[in-house]
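Colleague: Below are the chains, spelled out letter by letter.
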Amino acid sequence: MEIIKARSAFLSNYEVLTLLRELEAEHIARTKTAVRIKKEEDAGHTHHDPNADEVLENLRTIELEGIQYLSADYQPTRQQSDAGIQRLVNNLASYDLTKAEKLQIVNLAPTEPVELYVIVEELEDRLGGQMEDILGAVSSSLDGRGVGQQAPPPSAGDGRRFGNALAHEAEVYVEEEQDYWQQTANDVEFDDMGEGAGIEGDLDVDDD
Amino acid sequence: MFQLSIIKDTVPLHPATFGQAPEAALKHALNKKYANRVLHNVGLCVAVFDLVSAGSGRVRYGDGLLYYKVAFRMVVFRPFVGEVVIARVRSADEEGVRLTMGFFDDMYVPLAYLPQPSAFDPSERAHFWLPSSDDDTETAPADLLDSPKDARMYIDAGEVLRVRVESDMFCDDEPGPPRAGEGGVAPPPVRERRAPYSVVCSISEQGLGPVAWWKAAQVEGGEDEMMEE
Chain H
1 MEIIKARSAF LSNYEVLTLL RELEAEHIAR TKTAVRIKKE EDAGHTHHDP NADEVLENLR
61 TIELEGIQYL SADYQPTRQQ SDAGIQRLVN NLASYDLTKA EKLQIVNLAP TEPVELYVIV
121 EELEDRLGGQ MEDILGAVSS SLDGRGVGQQ APPPSAGDGR RFGNALAHEA EVYVEEEQDY
181 WQQTANDVEF DDMGEGAGIE GDLDVDDD
Chain U
1 MFQLSIIKDT VPLHPATFGQ APEAALKHAL NKKYANRVLH NVGLCVAVFD LVSAGSGRVR
61 YGDGLLYYKV AFRMVVFRPF VGEVVIARVR SADEEGVRLT MGFFDDMYVP LAYLPQPSAF
121 DPSERAHFWL PSSDDDTETA PADLLDSPKD ARMYIDAGEV LRVRVESDMF CDDEPGPPRA
181 GEGGVAPPPV RERRAPYSVV CSISEQGLGP VAWWKAAQVE GGEDEMMEE
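These protein sequences, in sequence, are chains H and U. Read in order, the letters of the first sequence correspond to residues 1 to 208 in the UniProt record's numbering. Read in order, the letters of the second sequence correspond to residues 1 to 229 in the UniProt record's numbering.
Bear in mind the hints are in silico, worked out from the structure with no lab data behind them. Keep in mind that the hints are not guaranteed to be accurate.
What the hints assert, rightly or not - With a straight-line cut-off of 27 angstroms between C-alpha atoms, the simulated DSS-like cross-links for lysine-lysine are:
(1) K32/U with K32/H
(2) K5/H with K8/U
(3) K32/H with K27/U
(4) K33/U with K32/H
(5) K5/H with K149/U
(6) K32/U with K38/H
(7) K69/U with K5/H
(8) K38/H with K27/U
(9) K8/U with K27/U
(10) K5/H with K215/U
(11) K33/U with K5/H
All figures in this text were calculated on a predicted structure; none of them were measured in a lab.
Model the full structure from these sequences, guided by the hints.
Modeller: Given below as structure tokens:
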């Protein structure tokens with residue numbers, strides 16, 4: 001074994017969650033096939049897939065615990081969507097943020113100034129007036145369903161309308177949150193977004 | 001919090017897997033070898049992300065296995081120093097607070113990184129922070145225990161904390177290969193097993209610590225603003 005590059009790129013929590021859910025879906029599909037094959041075998045057929053009945057215990061453990069952590073109710077991933085994150089990263093590009101700060105904004109989705117203070121060093125000096133804009137960009141990227149229901153990005157001089165739009169968004173957000181509480185665990189939606197290639201490109205450490 | 005590591009390895013495939021697509025069989029073998037394991041100075045491996053390149057399989061003399069030289073990308077859990085992450089309190093003792101992320105348990109907040117002034121309440125088995133006391137007066141931990149109970153902010157087990165990663169450490173405690181010339185078998189030194197990968201976190205800054213603390217503060221702040229309007 002040889003480590004070629006320990007850190008070739010960063011991944012956002014959302015991407016990891018997508019990957020783990022894909023693995024989970026694969027596993028469930030494989031288990032179903034295995035059950036079907038077993039039935040066929042009982043009926044007299046003798047086809048056998050060796051991988052089907054070899055469950056990787058370690059992979060299953062980290063897969064389930066990872067999904068549990070990444071989709072817990074204190075994580076923003078449940079309101080995030082592929083399109084939403086992509087839009088957020090595009091919006092963040094205009095601010096003077098480091099890659100690590102952008103990654104953390106995507107991962108933690110700060111909606112309150114306190115949270116942003118923790119993530120961005122010397123927030124006041126660097127981006128004093130733009131804080132609200134960043135928080136607005138974050139909350140508009142959280143929509144839960146990935147449907148384009150956000151208000152268009154406000155123009156720079158239109159502060160009041162922006163504030164109203166934000167308040168409206170906040171209400172929508174609260175309602176959705178309640179929806180989530182009512183949903184059963186079986187109802188978890190699974191978006192196959194091809195491992196979120198869009199964000200990865202932006203957060204790559206190197207360009208090759 | 002997660003990163004991609006490029007790793008090169010030689011993977012043997014059993015003849016029983018020859019019927020499958022080589023890519024799937026290789027991923028399966030790699031996941032079997034790496035998933036949920038700590039790579040020294042790399043981090044905790046989660047799962048194979050994709051294969052970068054793979055040579056053609058070669059058979060060696062002696063067994064019927066196909067050996068593939070593979071380069072692949074691994075999803076690795078390795079929060080960088082200074083990163084803010086969310087974790088739950090697993091337990092607390094006199095030495096500090098132990099955190100868990102579900103899939104990763106070896107995260108600690110030592111006493112020095114707790115918000116000051118704070119103390120450990122042995123009857124509740126939890127640390128608490130006294131936000132109301134003045135910063136100028138140095139209070140001994142013993143005095144803090146005399147404080148009124150309702151002024152204390154407890155960090156209870158199971159609570160969701162926002163923490164900053166301060167440092168991480170890898171320990172390789174696996175015994176090496178036995179040395180020749182030592183004669184008999186040397187008794188293995190009995191030592192406490194250390195975690196192969198542990199992370200030290202801090203909650204001593206503004207905005208860190210139980211998420212609920214700051215949520216509550218925000219609500220109050222929001223009300224104040226409403227009043228001003």
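Colleague: It remains to establish, for every hint, whether it holds in the given structure.
Modeller: Consistency of the hints with the structure:
1. Of the supplied pair hints, the one linking K32/U and K32/H holds, its CA atoms being roughly 21 angstroms apart against a limit of 27 angstroms.
2. The straight-line distance between the Cα atoms of K5/H and K8/U is roughly 10 angstroms, inside the 27 angstroms bound, and the hint therefore holds.
3. The hinted pair formed by K32/H and K27/U meets the criterion: a straight-line CA distance of about 20 angstroms does not exceed 27 angstroms.
4. Only pairs whose Cα atoms come within 27 angstroms are accepted, and K33/U paired with K32/H is accepted, the gap being roughly 24 angstroms.
5. For the hint linking K5/H to K149/U, the alpha-carbon distance of about 51 angstroms lies beyond 27 angstroms, and the restraint is violated.
6. A threshold of 27 angstroms between alpha carbons decides the hint, and for K32/U with K38/H the separation of about 23 angstroms falls inside it, so the pair holds.
7. Between K69/U and K5/H, the direct Cα distance comes to roughly 17 angstroms. Compliance with the 27 angstroms bound is thereby established for this hinted pair.
8. At most 27 angstroms may separate the alpha-carbon atoms for a hinted pair to count; K38/H and K27/U meet this at roughly 24 angstroms.
9. With a C-alpha separation of about 13 angstroms, the suggested pairing of K8/U with K27/U holds against the 27 angstroms cut-off.
10. Taking the CA atoms of K5/H and K215/U, the gap is near 39 angstroms; set against the 27 angstroms cutoff, the hint is violated.
11. At roughly 19 angstroms between alpha-carbon atoms, K33/U and K5/H fall within 27 angstroms of each other, so this suggested pair holds.
The earlier numbered hints that this structure contradicts are 5, 10.
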